[in-house]
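Visitor: Listed below are the residues making up each chain.
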Amino acid sequence: MPKPQVPGLVKGLGVTLGTMLQTIKPKKLGGGAATVQYPHEKETPPIRARGVIALREDNCTSCMLCVRSCPDWCIYIEAHKELAPPRRAGGAPRKVNKIDRFDIDYALCMYCGICVEVCPFDAIFWSPEYEYSEPKIADLLHDRTKLGEWMETVPEAPALEVGAEKKKGK
Amino acid sequence: MTDLADRQKLSYIAAQAADARLNVELETEGMTLNLGPQHPATHGTLRIIVRLDGEQVIWAEPSAGYMHRGYEKLTEVRTFPQVTTLVNRIDWLGSFANEVPFILAAEKLMEIEAPPRAQWIRTILFELSRIANVSLFLGDLGVQLGAITPVFMAFRDREYVLNLIESATGGRFHPNFDRIGGLKDDLPEGWITETKQVMKKLRNFCDEIENLLFGNEIFQSRLRGIGVIPAEVAKQYGLSGANLRASGVDWDLRRDQALPLAYDKIDFKVWTHPDGDSFARCWIRLQETREATKIVDQLLDGIPSGPVMAKVPRIIKVPEGEAWVSTENPLGEMGYYVVSKGDLGPFRVKIRSASFNNISIVPWVLRGVYVPDVISILASLYFILGDIDR
Amino acid sequence: MTALLAVDLPYWAQSLLRVLGGTVAVLLPAGTIVYLFLFKMMSFMQSRLGPMEAGPYGSMQLFAEVGKWLQKEDIAPERADIRVFRAAPLVVLMSTFLLVAVVPFGPDAYFTDFEAGVFYMLAVSSISTLGILMAGWSSANKYSLLGGLRAAGQLIAYELPMVLAVIGVVIQAGSMNLQTIVIKQNSDSIFGWDGLGYPYILTQFVAFLVFMIAVQAELTQTPFDMPIAESELVSGYMTEYSGFRFLIFFIAEFATAGVFAFIASVLFLGGWGVPFAWFGWDDINSVDNWMNFGGPLIMFTKMMVLTGIIMWVRFSYPRFREDQLQRFAWKVLIPVSLVNIMITAIFKVAF
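Residue numbers (our numbering), protein chains in the order written: chain F, -15 to 154; chain V, 74 to 463; chain E, 365 to 715.
Hint data in this document are derived by calculation from the structure and do not stem from the laboratory.
Predicted, not measured: the structure shown is a model, and the values here were computed from it.
Careful, some of the hints might be misleading.
[Stated by the list, open to error] Pairs of lysine-lysine, BS3-like flavour, derived with a Cα cap of 30 angstroms:
1. V:Lys308 with F:Lys26
2. F:Lys26 with V:Lys423
3. F:Lys12 with V:Lys273
4. V:Lys390 with F:Lys(-5)
5. F:Lys(-5) with E:Lys432
6. V:Lys367 with F:Lys130
[Unchecked claim] Pairwise CB distance ranges (calculated):
7. V:Gly263 with F:Glu136: 21 to 31 angstroms
8. F:Gly(-2) with V:Glu184: 55 to 65 angstroms
9. V:Gly263 with F:Tyr22: 18 to 28 angstroms
10. E:Ile439 with F:Tyr22: 51 to 61 angstroms
11. F:Gly16 with E:Val570: 32 to 42 angstroms
12. E:Ile554 with V:Gly127: 49 to 59 angstroms
13. V:Asn107 with F:Ile31: 24 to 34 angstroms
14. E:Leu573 with F:Lys12: 53 to 63 angstroms
15. F:Ala122 with E:Arg447: 25 to 35 angstroms
16. E:Leu381 with V:Gly103: 52 to 62 angstroms
17. V:Gly263 with F:Lys130: 31 to 41 angstroms
18. F:Pro10 with E:Arg447: 47 to 57 angstroms
19. E:Ser490 with F:Val(-10): 52 to 62 angstroms
All residues carry an ideal CB built from backbone N, CA and C; glycine is no exception.
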């Protein structure tokens, strides 16, 4: 003989009541809502979160790899050649590329991270910064000074899980 | 009690009889109702043209294409690494699962295999994206049937899974983590313990949904015996995934196919249900979410150590050839037919997405049902619009 | 019976007081229900906090919403039957105001002391059906039409169990006057023990259940919300309404919930009264004057409990299908309430 069961209708009411009590319970006792009151309190995104792309201008040689590998072509680089003082005394002056323009159109960006990955000179990084919305869509085209400011928010790469192969020093 | 085949035959005959009855009854003026393109039951912009007699459907046809983004064409002008970020957007609720078959097809062409650790992590993320996808279905099911609370519970607990995916891959919805030959990066520290806790929460969520919805007598009376799809018909229309298994066909590509993923190293149950009605489809998905949490737990215990990336050239050129790989995605069978001419990008990609085939049965299954059942059947068939229109 | 205020007011002043009182009796419960249950309880049940920004704990949110709705353009579809379309929300709201007219809130705090109160209450509650049907038909929208037709079928089907459930109470009280029903409940005793009075929920529990289910259906709350079913009919008869006409529908929905809860507490829970034995009152004439202010508060508390249950069910359950709903009304609720009437009648004659 099957055990007498609580009707599903009553169980359903119990679930909603339980959730309500859990929400009302003070935060100290492990209760509280699952939501966060956003402008007042903020969640910290994980270290790897792809929030915004930051630029270290000194490292960029304007090799155009990121521009070419971007799936929707939202990076714009313009550069000119300059003569820099030689590394060693008596050497010939070096030719370096100085960027005039490094813009990323965040209205187009898909946040795929391919540009960060292909960059051979460690010039672009992901930052978990996320509060950079603009009232106008045209203002989402951010230039190199803005991208450089985000460099401060770039965190160290996280330690890896047990069993991972050690990274060869890059 | 009749056995399975007989029951299906009977329900099929009943559906046929309902058809015949419709034609005999007095003729009344019909009404054409456009469900969509902007309708809450269609999860996006799917349009279903329904011809009604009173509240009874006499003819229905889905009209897809309102959100066609032309991914098959787009892939032809992208390089192989760029395609993964595009295909993320096909089934946007379980995006990681979209990358896997494409990458596997490319690897098959290049004749390389990802290292074991990469395969395991791939499988874990694959199952996590299945949970992220199906748990939202379980909540959304309530909304379609008028219960407003389950969807918030689904979003609450799905958020934990998304956090996991984000902390591992960096992308919340569109991970773009899979690379030809392995993965972009290894897991961050502490990820495994965190995942185990989240899996406990997810199992708790499944229990809550079972108490709140599946045990509810109203819910059962709404879904039992509605939208019955016999196994034969399901096969003919090319259904896959939970929709097929709910019709009693024991078919799961995770188990039936030898792919370089870690599914053969663990044991899991493939759930089937003999009834083939809407309730069976929903129930199968609930059980699969539970099963997926168990799969993840098993995989986490046995994760091998080692590199996550095989040796691949920096600039990937896939040799000439053709490859077809399909996997058991959250929505059903999803496959890529990749043709390469030895260039940087594919020459042609054919995407077989599950939802497109799953909604092809809509004209058959909607005939003779009432308008409220249209909604519950569509909800139980479970399609993602991006997966239909690509 | 003592007078509410020891002065004789002219007729116009009395009327003005009644109008004010009626407005308060309809709008105050509606506002409280919306804030406490729709905004807060629902949010807590879904493990979120609900509105928090407008006023302390979002308590001013409702005013913000009303302000928003009032600003919106009043749109009518091109092919709508414009006069019927415009009148429909008012007809629905009118039903609520007519309902509250017979509810007693205290020994003297009532709008009308009406002998056939129960009869009148059941009659005017179906006026809202008319408004909903008008809205559904005149909107010139297929979804609205389906919603309106469903609403008509549903409301008429559930009127019957409601009537039959109330008959049990009427038999037991021997009166159709709501005030008399309240007094009876508070002055009677159970087998000589009068600590609780004699609320009819004890003997008429089946009728109470049937009444509450029927109320749930009359209010078109989940699980009986097919007429407005957002996910299938896109809010049904309300689809085409915007601005303050939608607001009126919205107020009517929750105000009617409050008024029906008032009526249920009058019929089954003893209404405004406290058991008279507590204070040594013999009958209505010896009731103290403060009950005119205490009574409404007691009523309000009971109303909140009942609407709390209504809303709790609403937030937890999925909805029925139209045919299942009709079957439930005709095959379960009506036979049950008929049996209940029979048993009540037998006991009434026997004792």
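Visitor: Each hint: holds or not?
Guide: The hints, checked one at a time:
1. V:Lys308 with F:Lys26: Given pair Lys308 of chain V, Lys26 of chain F is violated - Cα atoms ~50 angstroms apart, limit 30 angstroms.
2. F:Lys26 with V:Lys423: violated, 43 angstroms
3. F:Lys12 with V:Lys273: Measuring from Cα to Cα gives roughly 22 angstroms; hence the hint holds.
4. V:Lys390 with F:Lys(-5): Cα-Cα ~58 angstroms, so violated.
5. F:Lys(-5) with E:Lys432: Outside the cut-off at roughly 38 angstroms; violated.
6. V:Lys367 with F:Lys130: Roughly 46 angstroms between the alpha carbons, so the hint for Lys367 of chain V and Lys130 of chain F is violated.
7. V:Gly263 with F:Glu136: 21 to 31 angstroms: holds, 25 angstroms
8. F:Gly(-2) with V:Glu184: 55 to 65 angstroms: holds, 57 angstroms
9. V:Gly263 with F:Tyr22: 18 to 28 angstroms: Given range 18 to 28 angstroms: holds, Cβ gap about 26 angstroms.
10. E:Ile439 with F:Tyr22: 51 to 61 angstroms: violated, 33 angstroms
11. F:Gly16 with E:Val570: 32 to 42 angstroms: Once the Cβ atoms are compared, 41 angstroms apart, the range 32 to 42 angstroms for Val570 of chain E and Gly16 of chain F holds.
12. E:Ile554 with V:Gly127: 49 to 59 angstroms: holds, 52 angstroms
13. V:Asn107 with F:Ile31: 24 to 34 angstroms: violated, 48 angstroms
14. E:Leu573 with F:Lys12: 53 to 63 angstroms: violated, 40 angstroms
15. F:Ala122 with E:Arg447: 25 to 35 angstroms: violated, 48 angstroms
16. E:Leu381 with V:Gly103: 52 to 62 angstroms: Between Leu381 of chain E and Gly103 of chain V, where Cβ atoms are some 56 angstroms apart, the hint holds.
17. V:Gly263 with F:Lys130: 31 to 41 angstroms: holds, 33 angstroms
18. F:Pro10 with E:Arg447: 47 to 57 angstroms: holds, 55 angstroms
19. E:Ser490 with F:Val(-10): 52 to 62 angstroms: With Cβ atoms ~36 angstroms apart, the hint is violated.
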